[in-house]
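Visitor: For reference, the chains in residue letters:
2 protein chains.
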Amino acid sequence: MVELTKKKSPNWKRPVRRSSPEGHGNGPSGHPRKGQHNPGEATETEQPSANFTEDTLKIIPLGGLGEVGKNMSMLQYKDDIIIIDAGLKFPDGSDMPGIDFLLPNVEYLEKYKDKIRGLIFTHGHLDHIGGLPYLQEKLGNPDLYGGALTRGIIAKRHDEFKHLPTLKFNIVKSGDVIQLGDYFKVEFFHVNHNIPDDLALFIETPRGTVVHTADFKFDHSPTSGQPIDIEHLRGLGDRGVSVLMSDSTGAEREGHSISESAIKENLDLIFQESKQMIICSTFASLIDRIQQVIELSEKHGRKIIFDGYSMKSNIEIARELGYIKIQKGTQINMEQVDDYPRSQITVMATGAQGQSNASLMRIANREHRHIQLQKKDAVIFSSSAIPGNERTVQNLKDMFYRAGVKVYHYQMMDIHAGGHAQKEDLGHMIELMRPKFLMPIHGQYSMMVSHSELGQAKGIPEENVIIADNGSVIHIEDPHPINRNGTDTARWWMDQKTVPSGYIMVDGLGVGDIGNVVLRDRQVLAEDGMIVLVTLIDAKTGKVLRSPDIISRGFIYLKENKDFMTEIRKRIRFIVEKSAGPQVNTTYIKDNLREEIGKFLFQKTERRPMVLPVVIEI
Amino acid sequence: MVELTKKKSPNWKRPVRRSSPEGHGNGPSGHPRKGQHNPGEATETEQPSANFTEDTLKIIPLGGLGEVGKNMSMLQYKDDIIIIDAGLKFPDGSDMPGIDFLLPNVEYLEKYKDKIRGLIFTHGHLDHIGGLPYLQEKLGNPDLYGGALTRGIIAKRHDEFKHLPTLKFNIVKSGDVIQLGDYFKVEFFHVNHNIPDDLALFIETPRGTVVHTADFKFDHSPTSGQPIDIEHLRGLGDRGVSVLMSDSTGAEREGHSISESAIKENLDLIFQESKQMIICSTFASLIDRIQQVIELSEKHGRKIIFDGYSMKSNIEIARELGYIKIQKGTQINMEQVDDYPRSQITVMATGAQGQSNASLMRIANREHRHIQLQKKDAVIFSSSAIPGNERTVQNLKDMFYRAGVKVYHYQMMDIHAGGHAQKEDLGHMIELMRPKFLMPIHGQYSMMVSHSELGQAKGIPEENVIIADNGSVIHIEDPHPINRNGTDTARWWMDQKTVPSGYIMVDGLGVGDIGNVVLRDRQVLAEDGMIVLVTLIDAKTGKVLRSPDIISRGFIYLKENKDFMTEIRKRIRFIVEKSAGPQVNTTYIKDNLREEIGKFLFQKTERRPMVLPVVIEI
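Residue numbers (the numbering used here), protein chains in the order written: chain R, 53 to 670; chain H, 53 to 670.
These aren't lab readings, by the way, just hints derived from the structure by calculation.
All values reported here derive from a predicted model rather than from experimental measurement.
Errors might be hidden in some of the hints.
Said to hold, decoys possible - If you want the footprint, here are the derived chain R segments under chain H, 3+ residues with CB under 8 Å:
no.	stretch
1	106–113
2	266–280
3	388–399
4	567–573
5	577–587
6	597–605
Unchecked claim - Ranges of calculated distance between the beta carbons of each label pair, as one might list FRET restraints:
no.	chain 1	residue 1	chain 2	residue 2	range
7	R	ARG421	H	ARG421	58 to 64 Å
8	R	TYR609	H	LYS327	46 to 52 Å
9	R	ARG486	H	LYS380	46 to 52 Å
10	R	GLY307	H	ASN193	36 to 42 Å
11	H	ARG572	R	GLU515	54 to 60 Å
12	H	VAL563	R	ASP211	48 to 54 Å
13	H	GLU505	R	GLN388	33 to 39 Å
14	R	TYR164	H	PHE616	52 to 58 Å
15	H	PHE104	R	GLU619	56 to 62 Å
16	H	ARG572	R	ASP211	52 to 58 Å
17	R	ARG572	H	ILE670	33 to 39 Å
Every residue, glycine too, gets a C-beta built ideally from N, C-alpha and C.
Taking the hints into account, I'd like the entire structure generated from these sequences.
Guide: This is how it looks when you write it as structure tokens:
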């Protein structure tokens, strides 16, 4: 009970969506919300004072809210901080040309890295682990926790970053309980997903108990591992849950997600039908699906070839740990493809998203060194198209159709299931946990809102749903979650200020060095190209000394536009000499060139190439 | 019967997908097939000899096969040519940066424009009419035919192209029969779509009868116009159909398409629920949907405001023709928005695809001059996301969710129906027409294949399905379609050669002037930007005369990388002076700079900006 009255929530706020009376979409902080519409807008200017004596549990999501990807959250109580996940996200190509991926902003954590007691990985997918190599040092190389497979995948990736310090990884499993710092007791429990070793968290703190579901679904007949232990989860719920941080990715989909066993049955039908080579493609990290294809190949007397670096590497790790089981002699090398009849070969390939250099695209393009498509081969897309990739995937499929092969994809039959709980399952999780507060995480804003509506339908009052944003600082005060009947003083509020939460762009070796300006320039260059005007002038008289050089890329094909070039040169000379006063001012000349040549080009072409004048005084 | 034996199909080929024994996806022509994967690859080198004495009916699709958009086909018999539609297509932004849209290649038609007897428009959507302003003159300003609304939309658009000759438009309606040239008798018949005046074609020629379905669906309770007259269609089928050219867009979707009446009922539910402003967005050309929203607004006592240029302009045309009916006093101007309670306002806005400058985005962005969102407003997306726009539409929806408004979209409930017949309906059309040959048109390759399978399920033998490509030259020989029992000599084959069929890119005022090189440069520039190295050298000695100028955009932020700049300058000097032999060769120097500086930049950044060296001899 201690100081409950003292903390009478001076800045108590209702959840975001509802807090702003005009509905103007500002968060409770009053700051405009950040979304993908502010690319490169990386940080807030003000930061909350990091008060390490406050007697509340703070939850600060740093990524994965209002978006799908780069999942990362932190919990803080007094001067103990724990982190959950550190993912990356692939950007939308057209918005962020050239950017390899995005990371969560960890500026706040960087400042207080000495207080980090551990970084927990829920599972081994890139949107949960991919940020680590870029953040490990910034976070002070913290102790890491996660399942065996998760460790394997992280360690393998770590090998590619030679300069980084050794990982301090601690393998945990379902049922384990660890103490992090003075205040965090973390209990791991098994949930289903589409990769083994997916662990959800039951976190006890002095000011409340938090359940973090990880990415999850209920699979009552998974192809690997056990179903979720419903009674165990109910038991956790019985111990009292202050906040349920739950995966929202599937919150807009009706019903239950499909079991992996159902997927396997459908894949089996394809194996029964196919009399030629089967080429099956899925995400390299979908270990469970890969296991299914192995089993089906064995059942139908097929050898299997794995193609694609990431798939091979994941399989190697999963095999060592016993998560992938394959009979001796089933796997053959690509070089042996012609040693067997086509009817006895399965190729498991990467590239179902239409990635231009992946195995599947090379097969479709007829650029693959070993595999030539033949009529009646079967190509299976056992994955959905990630939003933004739809056109590319359609084009890839069409290439296979043109080759006369039989194409199977998830829109035709259930040969792919998402890894995320859908509406019914999310409701079930809420029922099992009976949390005081529901905090939707992992998903677009619309998914979080849909999750909130589900929660309300399950009896959680609207004001007990925490719709937050990356960077929000949420205070929880619920010291007695197990026995709050009658004297329920549990409450939550959000700080006015947020911690830095924009994304960090990674391009090549550069982490965070690409900002708004560079990105905007890329967009302009992509749109209409550019033109460089090189002019030599007499420093004394301002006269143009020789015919200006013009270099252009992505604008028009200059060789076919000689008259146009001549006209541009004439104008350059005119503009330069008009601009040169008694004293030559190259900045002024350049400004005039940029503006007037730009105008002229637009008039003639309705295009706006970037105009770059170079004026050299001799 | 005439010359049937003479024409014993010397180059008879079975349909594309099946013709290549290795399944290697080359068409019957032996040429590699063109798809979206060969951007800018605009023309074939060889062209079929245009034999105007051949006694076969030729069908040459020029656009819309293997793609969704830029629909255009031509039919030729002896020296009469007729054209069906002349559409455009919007490119995928990331593949073709800066390109406004794509047109079909009409090189073949241009050569024989004196033989064009008419250009028929099936309906007024841009993917069927949008190419006209760019093709009108190339086609010799032919006679145009189409419904009244189609004419209205075309004429309105024509006004924006001041330099073009007057349109020679002939309005036709369902039931009309026109004779084009000596050989083409075209009978128009009504089908449903989601714009009024959609006309399908029954075309009789000396060598066969072709039915072109236009874009269509069966709607037994359309909100405007009549349902398809099933008995009339059956009657057409009775007259004998050689080739059914049928819309494939919906061929991968199960069942029947949803009736517009069902959509209206669902929209009505939203109107009943909503107590604040309703903002409804759909395609500006979805005249039937707009009419529904008008009727619902009137039913629920709301005024309606139309926002967005294209929508206003379409409504004006449709209203003049009586296709949009609106009571006096229902429509108000945007300026009057505050004169009524919010509960009495419907705003009909453009921009449901997330277009950055459209009305809906400005409302979401809070940049709209007149409309400020309030909590509990309703925003309706009565349209699906066009493939490629999914992320943008999701982000737009999220902006509304953040504002606390109620969002309704087609994934939640049936408030949008496609305009295209789905599997059951396509099968029904085949049953009604009982064609000898089925030719799937309008759709991605996968959709055409799916349509082919439907046809086979309806009893059309595989070899009677014509899976063609843009540019394919298909010969039809079926002089007696009505009475071919017993002595059925009908046949089809495809020429070895194709006519030019790649797409033409439009960018600003340039039509077809952007080729592979310019496009590839734009992609490179977008990816990693560029860097210009300006070096002055002594023409005699090859010495660098002063510190080189470096200009860079989209690569790194130079101001923050002074040391790096210094290093680059040092290397430029070194490379130039190393490259300068007894005689200064600037081409050689530039090549060295490009290569070595490029390598250096990659080493330091893992980025590959375009390196543009400028070497000036003094």
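Visitor: Taking the hints in turn, state whether each one holds.
Guide: Each hint, compared with the structure:
Coverage of the stretch 106–113 of chain R by chain H is violated [criterion: at least 3 residues with CB-CB distance below 8 Å; count 0]. Counting residues of the stretch 266–280 of chain R whose CB falls under 8 Å from any CB of chain H gives 0; the rule of at least 3 is not met. Here the stretch 388–399 of chain R counts 0 residues with a CB under 8 Å from a CB of chain H, which misses the bar of 3, and the coverage is violated. Counting residues of the stretch 567–573 of chain R whose CB falls under 8 Å from any CB of chain H gives 5; the rule of at least 3 is met.
Only when three residues or more bring their CB closer than 8 Å to a CB of chain H does the claim for the stretch 577–587 of chain R stand; here the count is 8, and the claim holds. For the stretch 597–605 of chain R, the assignment as covered by chain H holds, since 3 residues bring a beta-carbon within under 8 Å of that chain's beta-carbons and 3 suffice. Checking the proposed 58 to 64 Å range against ARG421 of chain R and ARG421 of chain H shows it holds: the Cβ atoms sit about 60 Å from each other. Between TYR609 of chain R and LYS327 of chain H the beta carbon distance is about 58 Å. The supplied range of 46 to 52 Å is therefore violated.
Taken as a hint, the range 46 to 52 Å is violated for the pair ARG486 of chain R and LYS380 of chain H, whose Cβ atoms sit roughly 58 Å apart. A hinted range of 36 to 42 Å for the beta carbons of GLY307 of chain R and ASN193 of chain H is inconsistent with their spacing of about 57 Å. Checked against the hint of 54 to 60 Å, the pair ARG572 of chain H and GLU515 of chain R passes, with Cβ atoms roughly 55 Å apart. For VAL563 of chain H and ASP211 of chain R, the Cβ-Cβ distance of about 53 Å falls inside the hinted range of 48 to 54 Å, so the restraint holds.
For GLU505 of chain H paired with GLN388 of chain R, a C-beta distance near 35 Å keeps the hint of 33 to 39 Å intact. Remark: the range hint 52 to 58 Å for TYR164 of chain R to PHE616 of chain H is contradicted by a beta-carbon distance near 32 Å. In this structure the hint that PHE104 of chain H and GLU619 of chain R lie 56 to 62 Å apart at CB is violated, the actual value being about 43 Å. For ARG572 of chain H and ASP211 of chain R, the hinted distance range of 52 to 58 Å is not satisfied, since their beta carbons lie about 35 Å from each other.
Distance hint check: the CB atoms of ARG572 of chain R and ILE670 of chain H are about 35 Å apart, consistent with the given range 33 to 39 Å.
The structure fails hints 1, 2, 3, 8, 9, 10, 14, 15, 16 (numbered hints given earlier, in ascending order).
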